[in-house]
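Asks: Construct all of the structure, not just a fragment, from the sequences and the given hints.
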Amino acid sequence: MPGGNILEVRNVVSGYVPTLPILNGVSLDVKVGEIVTLLGPNGAGKSTLIKAIAGILKVWSGTAHFLGRDLTKFETHDLVREGLGYVPQTENVFAKLSVEENLEIGCLVNRKEYPRQRERIFELFPDLARQRSLAAGKLSGGQRQMLAVGRALMANPKLLMLDEPSAGLSPKLAQVVFSQLLKVRDAGVTILMVEQNARAALQISDRGYILAEGREHLQGDAASLLDNPEVGELFLGAKSRLAKTGLGAKSHLAKTGPGKS
Amino acid sequence: MMQFVLNGLVLASTIALGAVGLSMTYNILRFANFAHGEVIAIGAYFSLAVVTLIGAGVGSIGPIAFGWPLLVSLPISIFVTSMIILLVDALVFRQLRNKNATRITLIMAAFGLSLMGRSLITLFAGGDPKYYEFSIRKVFELFPGAKIGPDELAVMGIAASAFIGLYFYLSRTIMGKSMRAVAENPVLARINGIDTRQVIRWTWIIGTAFATVGGTFLGHIEQLRPEMGFDLLLLMFAALILGGAGNLYGTVLGAILVGLIDSMSVAIGLSAYRAAVVFMVIMLILLVRPQGLLGEKA
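Chains as they are written, first to last, in the numbering used here: chain S, 11 to 271; chain Z, 853 to 1150.
Don't read these hints as lab results, they were simulated from the structure.
There may be inaccurate statements among the hints.
[To be verified] 25 Å max Cα-Cα, derived DMTMM-like pairs, lysine to aspartate or glutamate:
1. S/K148 to Z/E1036
2. S/K41 to S/E110
3. S/K106 to S/D80
4. Z/K951 to S/E85
5. S/K148 to Z/D1083
6. S/K122 to S/E85
7. S/K83 to S/D39
8. S/K83 to Z/E1148
9. S/K193 to S/E129
10. S/K122 to S/E133
11. S/K106 to Z/D1047
12. S/K148 to S/E133
13. S/K122 to Z/D1083
14. S/K168 to Z/D1047
15. S/K68 to S/D231
16. S/K168 to S/D231
17. S/K168 to S/E92
18. S/K106 to Z/E1036
19. S/K41 to S/E85
20. S/K68 to Z/E1036
21. Z/K951 to S/D88
22. S/K106 to Z/E1148
23. S/K68 to Z/D1047
24. Z/K982 to Z/D1083
[As the list claims (entries may be wrong)] Covered stretches of chain Z, as calculated for chain S (at least 3 residues, CB under 8 Å):
25. 1020-1031
26. 1034-1045
Ideal Cβ placement from N, Cα and C applies to all residues, glycine included.
Replies: Below, the structure is given as structure tokens:
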């Protein structure tokens, strides 16, 4: 269903502690073949939303449909079989398992395809091929991130959700990860990611959502969000906006840049 | 000298066979299963039931006093004991897990089950010691001045091959790798499609199988008593902590050391204080390496 929605989230309420919702009725769509980025300040519920979609957190109310099927009816371990991949922000590889074992675990639902899939991932991330027998905990930050993405790709997901794939990486490495994500998308995988690195993320995205207080606050195609002054102030650093509008003055807004969430 | 190494290794074999299950439940279910001693005892008593049914003293293998009846009894008692343990997990531990019970609650539940297990064994089998067979065992000189019975040698061999088998299971099979994955990061394991309930079931089964083998051979070398497993529990925990909680190979290494220290303390004339010596040495090692021999720093 080209152009159709692969993911439909409607009015989802969820959180970690009962009676203390983080998501307050958020809605979102992801179309087949898109890259969609979730932006927003700390505590806006970006990671929480991804966890709720992945079934790690219960959806208290609202609905989430993946390819027309009700996600809340599935257990987390069934989702990968349905075609939903997820790369958490931290602890996203099995540090004590080797690179190859991590990939094998990623291919659990599709074991016959393991040798072929593994070679595909090694082609996409040649660094991993060289370190195949190394414990994943011994990889560098960038390699670890590639392994996390590679592991999620082993099961041939239709939708890949990534929680801050560039977290902790140098700008150069972040660019490498983003350009790999473009390749992944071009291979037919729809991508939904949370990012703090708003500019780089929007540059490869089709659309973006800005969450605030557990709801979608702004949405639009990536180019319009990049040009949106409010987005510029909040996420891109004021400099970029001022540079665009021709005002060169320094601004306190630069301080309200992204933090950790 | 060699004599005590041999004695220590025989003790180490039974400690290690028992401690495998303890280590696995600790790594995957994340609590110290104080009822594991009773798993060992129940497994040993089921072996006794099967051996009695076949007829005690039937058949022996060459110089080894235990015969095929004991070997035949093992898969049967492993199966029956595993089923009981899985039932206990479904009735007790799973209920607690689903309610997000704390570790302390799980440990207390295990304590209760431990008492129940011992009482049930006494109820059904009686409190007096039992034996698989009553033959007089010969010993032979393996090294100059170091004697060992063929049975003890066989037990060591069986224990060693069980650990080699376990190593290949954990490093080569997909269920073994899944177990290591769940032990490290259960959420990431579920994201990858691992059904943690399945992994938990196999954790119980493998731990029970090793405990049953350990209990049966402990019963053969010494005797069967309702407290046989409980008395071994402290040494098994010692092995677990000494090796580095969370590392199965460390647990086996810890068991070997605990066995050796125990028999060495007898060698230097401190047999009345053997437990004290064992724990003194463990304390000293942990002072230098608080994370245990193969453990990672927290």
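Asks: Decide, hint by hint, whether the structure agrees.
Replies: Each hint, compared with the structure:
no. : hint              : in the structure
1   : S/K148 to Z/E1036 : holds, 15 Å
2   : S/K41 to S/E110   : violated, 32 Å
3   : S/K106 to S/D80   : violated, 35 Å
4   : Z/K951 to S/E85   : holds, 17 Å
5   : S/K148 to Z/D1083 : violated, 41 Å
6   : S/K122 to S/E85   : holds, 23 Å
7   : S/K83 to S/D39    : holds, 19 Å
8   : S/K83 to Z/E1148  : violated, 39 Å
9   : S/K193 to S/E129  : holds, 16 Å
10  : S/K122 to S/E133  : holds, 19 Å
11  : S/K106 to Z/D1047 : holds, 20 Å
12  : S/K148 to S/E133  : holds, 21 Å
13  : S/K122 to Z/D1083 : violated, 47 Å
14  : S/K168 to Z/D1047 : holds, 21 Å
15  : S/K68 to S/D231   : violated, 29 Å
16  : S/K168 to S/D231  : holds, 21 Å
17  : S/K168 to S/E92   : holds, 8 Å
18  : S/K106 to Z/E1036 : holds, 8 Å
19  : S/K41 to S/E85    : holds, 23 Å
20  : S/K68 to Z/E1036  : holds, 23 Å
21  : Z/K951 to S/D88   : holds, 22 Å
22  : S/K106 to Z/E1148 : holds, 11 Å
23  : S/K68 to Z/D1047  : holds, 18 Å
24  : Z/K982 to Z/D1083 : holds, 16 Å
25  : 1020-1031         : holds (count 3)
26  : 1034-1045         : holds (count 9)
Hint compliance for this structure: hints 2, 3, 5, 8, 13 and 15 are not met, and every other hint is.
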